[in-house]
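There are 2 protein chains.
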Amino acid sequence: MKNQKTVLKEYLDEKKRIVDSALEEYLPKQTGFSYEIAESMRYTLFAGGKRLRPVLCMASAETVGGNADIVLPVACAIEMIHTYSLIHDDLPSMDNDDYRRGKPSNHKIFGEGVAVLAGDALLTEAFCLLSGGIRDLSPEKNLSIIHEISTAAGFQGMISGQVADLRAEGKKVNMESVDYIHTHKTQALITSSIRAGAIAAGAGEDDMRALSEYGRNAGLAFQIADDMLDIESSREVLGKDTGSDEGRKKATYPSLIGLEESREKTRILVENALSAINRFDERAEPLRMIATFIAERKS
Amino acid sequence: MKNQKTVLKEYLDEKKRIVDSALEEYLPKQTGFSYEIAESMRYTLFAGGKRLRPVLCMASAETVGGNADIVLPVACAIEMIHTYSLIHDDLPSMDNDDYRRGKPSNHKIFGEGVAVLAGDALLTEAFCLLSGGIRDLSPEKNLSIIHEISTAAGFQGMISGQVADLRAEGKKVNMESVDYIHTHKTQALITSSIRAGAIAAGAGEDDMRALSEYGRNAGLAFQIADDMLDIESSREVLGKDTGSDEGRKKATYPSLIGLEESREKTRILVENALSAINRFDERAEPLRMIATFIAERKS
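Here the protein sequences line up with chains A and B, keeping their order. For what it's worth, the numbering used here labels the leading residue of the first sequence as 35, then goes sequentially. For what it's worth, the numbering used here labels the leading residue of the second sequence as 35, then goes sequentially.
Just chain A, with the same shape it has in the complex (with noise of 0.2 Å):
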C-alpha cells in the first residue's frame, strides 16, 4: 500500500498539471504590443510555484461533493492573484528581493516599471478570468465568489497585510502585528481560496463554516512552516543561523517565538484543521492530507 506522502504527492502533481495547463491556456504567449507583457506575466506565474492555493480550492470544491474541474478557472484566478502579489511584494521599494524561487525576480528581468504593471495585469486578468462565464456556475455564485476573492484581496486584507509587513521591517515587533501580518497577507487569500471552492459547489453555512476554519488554521500554520523554513534552510545551506527573514528583520513567529515554540504553535494548528474538517468523509482527504504534512515539508 502506498504511504500517504505518496498519494499526497501523487495528488498534488496531478493537480499542479491541470492548473498549469489551465492557466497557459488563459495566459497564452502574445504578439505585438501586449508581447511584453504577457511575457512579464507568464514569467513569474509559471516560475515554479507549489499552486497551494488553486489546489485547496479544488480540494475543497471536491470535499464538499463538487466538481474540481468546474472550480478550475476560479483556482487560476486566485494563482494570478497570489503571483501579482508576489511581484510587487519583490519589488524594491517593498520586499526588495533579486530572486523568487531561485530566479531573478521579475523587476530584475523586465525593470520595475513593467514588472508593476505586469501584477497590475494579473490582477485585472483574474477579475476577466472569473467574470468571462463559467461552465455550470450560476451568475449569483459566480458573484458571490469574486466578491469573495476581492474582500480577501483588498485593502482590508491581503494588502493591509502587506503594508503593515512593510511598515514593521527593521522594527522591534510583538505578537499582535505578526498575527496581523499572517492573518492578512497569507491566511485571507488562503482561506478565500477554499471558501471559493465550497460556494462553486454549493456548500452548506456549516460546511463553509468549518472549511473557513480549517482554512485559517492550516493558513497560519503553513506560514509558520514556511518562516521556519526559511530559517532552517539557510542554516543548512549557509552553516549560519540567520535566514534572509531574520536578517532583514522580518516579521515572523520563529523570530519572535524560536523555533522550537513556533513547532509547537504549528502542531496545534494543524490539529484544529484536522479537526475542523471532522465532519467530511473520505472526500476530505486531500484536505486532511495537506494540513497534516504542511507541518513537515522541506521546501
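Hints listed in this document are in silico derivations from the structure and should not be mistaken for laboratory results. This structure is a prediction, so every number in the text was calculated from the model and none was measured. Take the hints with a grain of salt, since some may be wrong.
Since the list gives no way to pick out one identical chain from another, each pair is judged satisfied if it fits inside one copy or across any two copies.
Within a straight-line C-alpha distance of at most 25 Å, the following computed DMTMM-like cross-link-like pairs (lysine to aspartate or glutamate) qualify [to be verified]:
1) Lys142 - Asp131
2) Lys142 - Asp213
3) Lys206 - Glu174
4) Lys284 - Glu146
5) Lys205 - Glu73
6) Lys50 - Glu146
7) Lys206 - Glu266
Since the structure of chain A is provided, determine the placement of chain B on it from the hints.
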C-alpha cells in the same frame, strides 16, 4: 435662456457631487492597521478629478432610458480603476511625476511602497464594489459589466497602452505607436465606462454599437485635447513653447502633427462622436454637450 456651457457645467457639477459623495461612502476613513493604506487611496481619489468616466457612465445609462442612480456603484468602481492607473503611472519607475493636479503625487506623500499598494487596493476595491450586489441589476448584467471593465483595464487594454507609452518615452515614435497608446491607455476605459452604463440600463445591440462609436471618438478627442492643453498651458504659464509631455518627449498627437492639425483632428472626432449618437433623443444631450465642449475646454 441659459447657454449650453452653463447647462453642461451644472450637469457636470451635479454628477461630480453625487459621485464624490458615493465614493466617500464606499471608501470611508479607516483606523488601526488599515489607516495608512486607506488614507493613501483617499488622497488621490479625492484629489479633485473631474469624474469624467463616472459622468459618461451615468450619462450613457440615461441616454438609453436608464437611471443614473443604478449605475452609481459602477461609475464609482471605474473612477477607482482610473485613480489606481494615475497613482501607478506617476511612480518613479513609470512617468516619474512628482505632481498630479498641482498636488504632490501619491508616492511623494506616502512613499513608493504604499503608493504601489494603494493602486493595487483601488483596483481590487473596484471589483469588490462591482461584485457586492447592485440594486436593480441582474447578476447576469452585473457579471457582464465586470467582464467589460476588466477587459478594458487589463493587459490587452489600458495596461498594454501604458507599457507602449513607457517604451516610447524618449524615442522617436510614429503615428502607429501614438494611436496604439491612445486607443489602449485612454480610449479603452472611457469607451468601457460608456458601455458599462449602457449594459446596466439594458441597451440593445444597436444602441451599444452607437455608444461604443461615440466613446471611441470622444475618448480620442479627449486625449488629444488634453495633450494640446498641456502644450498651450505651459506656453501661457511659462511663456515658452514646451509642455511637460513635449519636454519628456511623450508620444502625443500635437508633438507628432502639431497643434493646428491636432485641432482639426479633434474637430473631426467630435463630429463623428456626435453623428454616432444621432439615433438618440434629448436624453443624449449630456453626451452631446460633453463631446462638443471637449475640444474647447481650458482645464
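Verification of the supplied hints:
In this homomeric assembly, Lys142 and Asp131 come within 25 Å of each other (Cα to Cα) both inside a single copy, at 9 Å, and across copies, at 23 Å. When the C-alpha separation of Lys142 and Asp213 is checked against a cutoff of 25 Å, the pair qualifies neither within a copy, at 31 Å, nor between copies, at 30 Å. Taking the shortest Cα distances, Lys206 and Glu174 never come within 25 Å of each other, neither inside one copy (46 Å) nor across copies (50 Å). In the homo-oligomer, the alpha carbons of Lys284 and Glu146 lie at most 25 Å apart both inside one protomer (23 Å) and across protomers (19 Å), since each shortest distance falls under that limit.
Within a single copy, Lys205 and Glu73 get their C-alpha atoms only as close as 37 Å, which misses the 25 Å cut-off; across copies the closest is 22 Å, which meets it. In this assembly of identical chains, the alpha carbons of Lys50 and Glu146 never lie at most 25 Å apart, being 29 Å within a copy and 35 Å across copies at closest. Taking the closest pair of Cα atoms, Lys206 and Glu266 come within 25 Å of each other only inside a single copy of the chain (22 Å); across copies the shortest separation is 52 Å, beyond that limit.
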